[in-house]
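According to our numbering, the sequence shown holds residues -3 to 325 in order.
For the record, the hints were derived by calculation from the structure and aren't laboratory data. From the three backbone atoms N, C-alpha and C, an ideal C-beta is built for every residue, glycine too. Keep in mind that a hint or two might mislead.
To be verified - If you anchor each label on the Cβ, the simulated ranges turn out as follows:
no., residue 1, residue 2, range
1, 69, 150, 21 to 27 Å
2, 281, 146, 35 to 41 Å
3, 143, 281, 34 to 40 Å
4, 160, 186, 16 to 22 Å
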Amino acid sequence: MASAPSPRRTKSSSKSDPDLSVDLSAVIMAATPDEPRVLTVHFDPQRLDALPSGPLQSQHRTLEVGLRKWVAEQTQLTLGYVEQLYTFGDRDRAEADVQGKGHSLSIAYLALVREARPAGLAHAAWRNWYSFLPWEDWRDGHPKALDLIEPRLKAWAKAGGKPLRSFREERIELTFGFEAETWADERVLERYELLFEAGLVPEALRDTQQPASSSKMRLAPGQPMALDHRRILATAIGRLRGKIKYRPVIFELMPASFTLLDLQRTVEALSGVRLHKQNFRRLVEMQGLVEETGEITTETGGRPARLVRFRREVLVERPAPGVRLPRLR
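Sequences and hints are given; from them, build the entire structure.
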């Protein structure tokens, strides 16, 4: 099995500074009506799941060319549209055994695809992104993960002294809220960052050289990822949740034809909340986002359902043709 590519070291301007490495990472997302998925890879059975990535090399004409090369090599998946997400350069990007050797920058991209079976040099698999961030899924009510996170965050706030305690409590309320009425689905990164700062995720323990086993009872539920890839994933989820409200990106994940119920359930999977069925259909139809194909399907298990498709004319009719989220209350 292939080994992970070694980051390319770029000499810094100062001899006293450690070398700087730059790599390219891809958050490749797909979805079914039941779960949102992210494509992960790992090069060794004992390693954590990671995002497809590789070092920027001199033969790469552009950043995007380099990204597509690594994705194709590691997963044999050809990407369509991609957009640059963010540049990450915190010290926690490094694994514990290479800390102290300088910063490692990662330029991350977001890609939306219709799921295809990955196969490549690395072990690649589609994973439910809620296995990494289980507190983000409210579709079945208050997430059980939050029942563990809430007291641990509050204990962390109290440990900070009076002025700091007040500041921490305000941040906790703003980012988590812990109630459906105050839950902001787009603040995925802010919630992960707060858990990181509170030392409630294994990734936060890498800087302290503290083994995760020593704090296992304190840690928030959810599977860790290699490097800072869970932070990158959280950033991508927040970006996508925001974009589906003002751009028709949801249709990049849908098949050529689908039912309105499939569309609703896919939006619910991505946003992590249940939507009001009648209001959702009314909004989709009023915005002219779809049109009927003239065909029906009996695969719903109930009454035959009409098939619809994305109406691309909407892209030139309105500047922000997104899918609003009429939540259940």
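Cross-check of the supplied hints:
For the hinted restraint 21 to 27 Å between residue 69 and residue 150, the CB-CB distance of approximately 46 Å leaves it violated. Distance hint check for residue 281 and residue 146: the Cβ-Cβ separation is about 39 Å, which falls inside the suggested range of 35 to 41 Å. The hinted range of 34 to 40 Å is satisfied by residue 143 and residue 281, whose Cβ atoms lie roughly 38 Å apart. Here the CB-CB span from residue 160 to residue 186 is close to 18 Å, well matched to the stated 16 to 22 Å.
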